[in-house]
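A.B. asks: Got chain S; can you put chain X on it based on the hints?
The primary structure of each chain is shown beneath.
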Amino acid sequence: MSQKIDADVVRHIGKLSRIELTDEEMRTFPGQLTDVLQYFDKLQELDTENVTPMVHAVELKNILAADIPHESLTPDEALKNAPDREGDFFRVTKVLGAGS
Amino acid sequence: MSGLIELSATQLAADIRSGETTSVQATQEYLNAITKLDGKLGAYNEIYTDAALDRAKQIDAKIAAGENPGPLAGVPIAIKDNLCTTYGHTTCASRYLENFQAPYTATAVKKLHDAGAVILGKCNMDEFAMGSSTENSGFAPTRNPWDIGRVPGGSSGGSAAAVASRMCAAALGSDTGGSIRQPASFCGCVGFKPTYGRVSRYGLVAFGSSLDQIGPLGRTVTDAALLTGVISGYDPHDATSLPNDVPDYLADIETPIKGLRIGLPKEFFLENEGAIAPDTRAAITAAIETYKSLGAEIVDVSLPHSRIDIDADGKMSSFAVSCYYIVCTAECSSNLARFDGVHYGHRTGENVDGILELYSKSRKESLGEEVKRRIMLGTYALSSGYYDAYYNKALKVRRLIADDFVEAFKSCDILLAPTTPTTAFKLGEKTDNPLEMYLSDIYTISANLAGLPGITLPAGLSSDNLPIGLQLIGPVLSESTLLRAARMFEKTAPPIIPPMVKNSDT
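Protein chains in written order, with the numbering used here: chain S, 1 to 100; chain X, 1 to 506.
Isolated chain S, as found in the complex:
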C-alpha cells in the first residue's frame, strides 16, 4: 500500500519536516525510505478492526495539578542559549512577507 518514495516525495516530506536536504541525502533517502515504508506495510497483515489504539504504555487517567503559580525560568535563563536576542526577546528574521 505504500507509495514509491521518489525524489519529489522526499523533497515534499523534507518541506513538511522543515529540513533542507543535501544532494547526498536526495540520492540515498528515496530508496531507504521506500524500504522502511515497505517494512511498515507488514502491519497490514493483521486484522485490527476492533482494536482500541494504545497511545500510552502505562495508561493513567485524569492527571490534574493544582493551579498554583510557581517560580519559573527568569528571562535571562530562558534566553541564555538564544542564537540571537534583543532585550527580553528571541530575535528572528523577517516572518511575514518574505519567501515561502
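It should be emphasised that the hints constitute simulated quantities derived from the structure, not laboratory data.
Small disclaimer: the values here were computed from a predicted structure and weren't measured.
Warning: the hint list may mix true and false statements.
[Claimed, not checked] Below, in silico cross-link-like pairs of lysine-lysine (DSBU-like), each with a Cα-Cα straight-line distance of 30 Å or less: (1) S:LYS15 <-> X:LYS430; (2) S:LYS4 <-> X:LYS364; (3) S:LYS61 <-> X:LYS410; (4) S:LYS42 <-> X:LYS36; (5) X:LYS491 <-> X:LYS292; (6) X:LYS315 <-> S:LYS4; (7) S:LYS42 <-> X:LYS430; (8) X:LYS426 <-> X:LYS36; (9) X:LYS364 <-> S:LYS80; (10) S:LYS42 <-> X:LYS426; (11) X:LYS110 <-> S:LYS4; (12) X:LYS110 <-> X:LYS57; (13) S:LYS15 <-> X:LYS292.
[Claimed, not checked] A short, non-exhaustive set of chain X residues, derived as facing chain S with CB atoms under 7 Å: (14) PHE100; (15) ILE326; (16) VAL342; (17) TYR359; (18) LYS364; (19) LYS393.
[Said to hold, decoys possible] Computed Cβ-Cβ distance ranges for the label pairs, DEER-style: (20) X:ASN32 <-> S:LYS61: 50 to 60 Å; (21) X:ALA493 <-> S:HIS56: 45 to 55 Å; (22) X:ASN433 <-> S:LEU73: 36 to 46 Å; (23) S:LYS15 <-> X:ASN465: 47 to 57 Å; (24) X:GLU297 <-> S:MET26: 53 to 63 Å; (25) X:VAL406 <-> S:ALA7: 37 to 47 Å; (26) X:GLY19 <-> S:LYS42: 55 to 65 Å; (27) X:GLN58 <-> S:ARG27: 47 to 57 Å; (28) S:LEU73 <-> X:GLU6: 41 to 51 Å; (29) X:ILE298 <-> S:LEU73: 48 to 58 Å.
Cβ coordinates follow ideal geometry from the N, Cα and C atoms, glycine included.
C.D. replies: Just chain X, lined up with the frame of chain S:
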C-alpha cells in the same frame, strides 16, 4: 587493574561511608582510568574533572563531620548526554546542541546528587538516542571495550562502554526501544529499564515520549537495584510518572527464587533457528538450565504479535519492529520540531529569506542523517492521508502486542529471552542499511511498547570472546522480582572483565 575501580558501586559507597577509603581517592582513580582509556574508547563527551573532585571533597567532609551523605555516598557516576544539567553542556551528541547549557537539571540526576553521587561526566550516544551502535553520534563513534573494532551498541553506548571499562562505577542511560539493554548486553554489563513512568522523564531530552525511560547501567545487579531505588518515584514535573510508592529494591534481592515461574516465549526460541546466533542460543539455553537448578519452574508461553518472521532470503521481519518504528518516528518528528534555530542551538549563518528557510537550513546543517530520516518517516506517517494506515494502525498493533504480555503473565511471573540476536557487530557493518540496524532491537522493543520493565545481565562469552546478554521481562512494576531473579543468576555466573581492562595496570 586494581584498586577502588574494581569495587561495585554498592561496596564503594559502603567503604567511603565507613571511612575505609575516601570519595576523593575513588574519584581520582576513575579520572585516571578515563585519562588512560578514553582516548581509545570515546565513551565521554565531557568530563567534569575539577567539579567532580570538589564534589568528592564535600562528600568526604560530610562524612568526617558525622553526616550521612546518602546511599551513593561519594560514588563516581556517569550520565548519558541527553540528561539535562545546569553545569556543563547537554548535547544529545548532536551538532545542533553542541553548545547548549540546560537551564535546569533532570529529576533523575538531581536525585543522584541528593543521594551523594559524584558526577564524572556526560557519555556519548547515538544523536538524540536514535540508533543501536553509537555510530550516529554527531561527534565520533564510541568503541566496545571488548574489541575496539566493534560497536558498544546504542544508543547508550557511551554509558555501557564507560561502565564495562571501569571508567565509572555506574551510569545512567535511557531506553526507548532497547537503548539501555542492547548496549549493556554488547559491553557485558547489567542494564535495567524500569516500568514506563517509574523514573521521571523531566529533563530527559525527549525522543519517543510514550516509550522513553531512564534507567541504570552497572557492573552488578545490586548496583542496578541501588541506582533504581535512588532515581525512581513520582515527580510533579512529569505527569506520566507513576504515583506508586518505591519499594526497597535491595530488601529481598538475596531471597532465592524457588518456585518462580519463568516463561519462555516460543516465538523467541522454538521458531526461527536463524534469528539467534548459535553462541547466543547456547548461552540462553544454559541460562534456562541454571534457572531450573535454582528451583524455577519453566513454562512455555506465546507472544504471537512479537514473533519474528524470516523469509526465503533470510530477511527478518517482525510486527513489533514495524510498529515500534512507526510510533517512535511519529513521536520523534513531533518532539524534534522544537529544534528550530530560534530558541537555542544551532542557527544557520547563511542569509535566509524568511523564517521557513531559517528552520530548514539550521536543521539541515546540524542534524545527522539518521535523525533526519526518522523525522521524515514520522512526518510521513502522520501526514494527511497516511495517518490511519501507519500511525493509527501501529497504535492498534501496539495494543495487540501489550495484550499478549498480559495473557502470558497469567501463567508465569517473568519472561526470559535473549537481549539481542547477536553479539556486538563491527563498526560500519550496518551503517548503510537502516533496516538491518533497526533489527538489532528485535528482542527489546516489545517491552517498551508495552511499558514493561526489562533487565539484561551477562550470560557468558561467545567463542570470539564477546559478551552475551540474558534478558528478563516482567509485568508492570515487577522491578523487585526482576532484580531478584537477575541477582540469583548472577551469583552462579563468574564476573566478566574486558581484556583491555584486565591487562591494564591502572
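A.B. asks: Now, for every hint given, state plainly whether the structure supports it.
C.D. replies: Hint by hint, here is what the structure shows:
1. S:LYS15 <-> X:LYS430: holds (28 Å)
2. S:LYS4 <-> X:LYS364: holds (24 Å)
3. S:LYS61 <-> X:LYS410: OK: LYS61 (chain S) and LYS410 (chain X) at ~25 Å, within 30 Å.
4. S:LYS42 <-> X:LYS36: Given pair LYS42 (chain S), LYS36 (chain X) is violated - Cα atoms ~48 Å apart, limit 30 Å.
5. X:LYS491 <-> X:LYS292: holds (14 Å)
6. X:LYS315 <-> S:LYS4: Measuring from Cα to Cα gives roughly 21 Å; hence the hint holds.
7. S:LYS42 <-> X:LYS430: Roughly 22 Å separates the two Cα atoms, so the pair holds.
8. X:LYS426 <-> X:LYS36: Holds. LYS426 (chain X) to LYS36 (chain X) sits at ~23 Å (cutoff 30 Å).
9. X:LYS364 <-> S:LYS80: Distance of about 23 Å is within 30 Å: holds.
10. S:LYS42 <-> X:LYS426: holds (29 Å)
11. X:LYS110 <-> S:LYS4: The hint is violated at about 48 Å.
12. X:LYS110 <-> X:LYS57: holds (19 Å)
13. S:LYS15 <-> X:LYS292: Not satisfied, since the Cα-Cα distance of roughly 57 Å exceeds 30 Å.
14. PHE100: holds (6 Å)
15. ILE326: Since chain S brings a Cβ to about 6 Å from ILE326 (chain X), closer than 7 Å, the hint holds.
16. VAL342: holds (6 Å)
17. TYR359: holds (4 Å)
18. LYS364: holds (4 Å)
19. LYS393: holds (5 Å)
20. X:ASN32 <-> S:LYS61: 50 to 60 Å: holds (52 Å)
21. X:ALA493 <-> S:HIS56: 45 to 55 Å: violated (36 Å)
22. X:ASN433 <-> S:LEU73: 36 to 46 Å: The hinted range 36 to 46 Å holds for ASN433 (chain X) and LEU73 (chain S), with Cβ atoms some 43 Å apart.
23. S:LYS15 <-> X:ASN465: 47 to 57 Å: The hint (47 to 57 Å, Cβ to Cβ) holds, given that LYS15 (chain S) and ASN465 (chain X) are roughly 49 Å apart.
24. X:GLU297 <-> S:MET26: 53 to 63 Å: Once the Cβ atoms are compared, 57 Å apart, the range 53 to 63 Å for MET26 (chain S) and GLU297 (chain X) holds.
25. X:VAL406 <-> S:ALA7: 37 to 47 Å: holds (45 Å)
26. X:GLY19 <-> S:LYS42: 55 to 65 Å: holds (60 Å)
27. X:GLN58 <-> S:ARG27: 47 to 57 Å: holds (55 Å)
28. S:LEU73 <-> X:GLU6: 41 to 51 Å: holds (43 Å)
29. X:ILE298 <-> S:LEU73: 48 to 58 Å: holds (54 Å)
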